[in-house]
Amino acid sequence: MSIEYLPGDTMLHRLDVRAKMFGFLVLLILSFIFQAPIYQLLIVTFTGILACWTKISLRKIRKMLAPLLPIIIMITLITGFTMTPDRFDQATSQAILFYILPGDRLGATVGGLLMGATFTLRLFSMMIASSVLTSTTSMDDFTQFFQIMKVPVEMTMMLTTAIRFIPTLDKKRRLIVEAQRARGVKFNEKGMIGALQSHLPLMIPMFINSILMANSLSMAMLNRGYGLTRTSTSMRDIRFSLKDYYALSFSILLLTSALFVRFRLHIGLL
Amino acid sequence: MERHENAIELNQVSYSYPNSVEPSLKNVTLVVEKGKFVVLMGSSGAGKTTLSLCLNGLIPQLLEGKLTGQVSVAGKDVGKTSVQSMSKVLGLVLQDPETQIIGRIVEEDTAFGPRNVLIPLNKIKQRVNLALEKVRLKGYQQRLTEALSGGEKQRLAIAGVLVMEPDILVLDEPTSELDPLGRLEIYETLDDLRREKDLTILLVDHSSEEVIKKADEVVVLNEGEVVWKGVPSDLFRNILLLRKFGIKPIPVSLIGWHFFEKGWISFAEIPLDTSSAEDLIRRLLPEFGRWHEQPHGQIKNRLQQQRSKKSVAVQVSHLIYEYNPGEPALRGMNMTIEEGQFVALIGQNGAGKTTLAKHFNGLLKPTCGEVIVEGMNTLHYDTSDLSKTIGYVFQNPDHQIFSATVEKELEFGLKNANYKGKDIKDRVDEVLQYTGLEKFRSVHPFSLGKGERQMIAVASILVLKPKLLIIDEPTTGSDWAGVQTMMALIKKLHAAGTTIIMITHDMDLVAQYAQRVIVLKDGDILLDGTPQEVFSHDQMLLDSAIIPPQLCRLSVHLSDILAHETFIEASEFTAMFERGEKQECL
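If you read the sequences in order, they're chains B and H.
Counting from 1, one number per residue, gives the positions in the first sequence under our numbering.
Counting from 1, one number per residue, gives the positions in the second sequence under our numbering.
This is chain B alone, in the form it adopts within the complex (with noise of 0.2 Å):
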C-alpha cells in the first residue's frame, strides 16, 4: 500500500485494530458475495464516506488509480465480450447488445459489462478500503495484532523492519543510480539483454549494501537485547472499549444481512 500512516485522532484511528481488521474482512466479504455493481457502488461510497472522515487525501488514492485506468477499462472490455449468456441467471443479463464479428460471434454481453464494472468497483472499494486501514493503523497496532494472531515474532519482526528501511534502501538506490551515471551507465538501454545488462551496475552494489546494512543491522539488534526472550513488552495495552464493540456488532449486523440479501433473497446476481 502506497499510503503511509497517518497520525490522527478519529475514531478510526482510535479504534482497536482487531475490530478494524474484523470491519476490513466484512468490507473484503461484502464485495465479493455481491455481482450487481449498484451494491458495489453502495460499498465504494461507504469506504468513501470512511476515507473523508479519516481525512486522507483522495488525491493520494486518484493518484494511486491513475495508473491503473488503462487495466481498468480492459477488465470492462474482456469480461463484457467474453461472458456468455449462459453465465447470468436474469434475462436483463443475457441481453446480447452487438456482435464485434461478423456472423454472431463475440458478442457484448450486458452482464459482462455490468460485471466488468463490478470488478473496477470493486478493485476501488478494495483499494481505498486498504488505504484507510493502512493509514489509521500504525505499524505497532499491526504487529500487535500479528501477535495476538500467533504470527511468530521473526516474522512480525521481519516484516516491520523491511518497511522501515524501504525509505533507506530507495536512497541507496538513488545514490547509486547516480554514481553509476557518473561513469557512463545509461540507464535506458533498449531491448531485454540491454536492459538487464544496464541493471547490474545498480543491482549488485544495492545488493551488497543491503547485505552489509543487514549484518550492522543484526549487530545494532542484539545490542539492544533483542533475542533474549521471545517476546517483547507491548507498547500499548490493548483492551475492547465500548466503540469497538459498536464497531463490532455494526460489522457483523452488516455482514448477516448481506448475507441475508444475497443467499435468501439472491438479490445482487446477475
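What you were told as hints is all true, and nothing was included just to trick you.
Sample of chain H residues facing chain B (criterion: CB under 8 Å; computed from the structure):
# : residue
1 : Ser-85
2 : Gln-100
3 : Glu-146
4 : Phe-394
Here are the simulated lysine-lysine pairs, DSSO-like style, with alpha carbons at most 27 Å apart:
#  : chain 1 : residue 1 : chain 2 : residue 2
5  : H       : Lys-365   : B       : Lys-186
6  : B       : Lys-171   : H       : Lys-521
7  : H       : Lys-358   : B       : Lys-186
8  : H       : Lys-408   : B       : Lys-172
9  : H       : Lys-465   : B       : Lys-186
10 : B       : Lys-172   : H       : Lys-388
11 : B       : Lys-171   : H       : Lys-450
12 : H       : Lys-425   : H       : Lys-492
13 : B       : Lys-186   : H       : Lys-425
14 : H       : Lys-123   : B       : Lys-150
15 : B       : Lys-171   : H       : Lys-388
16 : H       : Lys-420   : B       : Lys-186
What the hints contain is simulated information worked out from the structure, not anything from laboratory work.
All values derive from a computational prediction rather than experimental measurement.
For every residue, glycine included, the Cβ atom is placed at its ideal position computed from N, Cα and C.
Using the hints, position chain H against chain B.
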C-alpha cells in the same frame, strides 16, 4: 551488589576473523577503570572495531573466528554471557547511524531495547524520556526517524543503548559518517554523559582537538596490539610517536615540536591548543624571532597569474535549481572556474555543495540559468556523454563497486565510453600504476579496506582521463595515512593539469591543498577567495558553522604580529623564527 573497580578487563585476548591468516588482535591486555573516559586510537585495520565487538560478545557469538584469552566486563565473563544480556551492562554504538535505528518513530525506536528485555510499559516510558533527554532529543518522541539529520540519528542510536541503563558505553567511531555539525552534537552529548560520574566511556575515534581535552586516557592500537597507553597530552606532544602510529597530530603541536627540537622549550611546554600556542609564540618571538617580511605574497600571486592566463573550465550563470517548485536549493549563482584550478567547495549540509557539483556533470539540470563545462552546455548533453570529460567521485565507494576484480571495475567506465581492446588495457595498466593499486589487480574489491576501495572509486574515474575531476568527501572515514595517500594523488593529478573541485568538511585539507575556496550558504556563494582570504573571515564562517583550521585561528589571535596575514601551515609559523632578516621589535 558487588562493586567492581574495573569496568573492562581484557587478559591476553587474541582474535582472528574466519578465513584470515593474520590475527586482528594480538595478546591484548587492557584495563579500563570504572568511571573513566578512555579514547581508543590507531590507524584503520589496527583492530579498534574488533576490540569493541569483543566487549559485548558480538565476537565470538555473532562473528565466528578464533578467540582466545579472557574478556570480562563489569565482572561478567563475556564468553559466558549472551550478547543480549550484556546489553544491560555495556552499550555499544556503531559507526553508521542509519543501520542502528529500528523504529519508525523516535519513541518506538528507543523503546526497542527495554521491550526486548520485558520491562513493564510504564517504566519504559520513563526510561525512554530520560534517555532522550540525555542525548538532547527531548520532545522528539513522535518524530519520524527517517527525517532526522545524521547527528540526530546517531544521538538516537546512543539513546537506544543508554535506555538499557548500561554501566559502560562503547562508541565505535560514532562521528565518522557525520558532518562537522553532527560531530559537534555528538561531542556535546558525550560531555553531558561524562558529567554523570557512573558511566564509563570507551570512545573509538580518530584524533581530534575536541577529544583530547576530554579523555582521561588514550589507548593506541597498532596492528592488533596495544602499543601505547597513557595521558593524552603525553601522546600528542610526541610527534614522533604519532607518526609511528599513524595518528594525525594537532597542528599547533607541530610548531611546538619544532621549538622543542631546537631546544627552546621543554616537552611539557609543547602547546595543544591555540591559546597556549599564542602565548608561546609571543614569548619566544622577541628572543628567537627573525621574521620581517611577509612570506606569503608569492602564493597569492601564483593564483592571480593562473587566473589571468588559463581558459575557463566551468561557467555558471544565474543558476537556479529547485528540487520542489518554490523552494530553490540554488538561488541564482554565478561563478567561473578556470582550467587547472584546485577549488574547494565548503559549507554546511544543505548549503547546496552537492547540488551545485551535480550540475557540473549533468546529473542535475538547471531549473533556470545555465552551466557550461569544458565548452559544453549541460542542458544539451547527457551525463553519460559528459562523463568522458568530467569525472565525479562520490563519497561512498560502495555505491559504485560491482565487479569481481579491481581490474574489471576500472574497465567498466572505458567500456561505457566505447573504448576497445588495447586502449582499455593500456589505460587500466597506467591508472593501476598511478594509483598504486597494481598489486590488487585481480583481487575482489570488497576484500580490501575502505581506504583502498575509495582509491578504486577514484581510479575507476581516472581511467577516463577527465579534464575536470569532482570529488565529494574523498577522505570520510579514512585514517590519517589514508587521507595523505588520497590527497597526494589528487595533488599529483592537479599538478598534471586536471581541474579539481573538492567538496569537503575537513578544513585542514582545504587550507593545505586548495587554491581557491568557495563557501556556500543557503544556495548562494558566501565567500570566494584564497584559503587565506576566506579563513580570515572567522565571524562570517561561524554563521555557516564552519570552524577555520586551528592554525588560521592562531593567525587571527596573532594578527597584531602577523599584520593580518593568515598562515595555514606550521612551517609558515616556524619560518618566522628562521628568516635571515632583521629581528622585529614588539
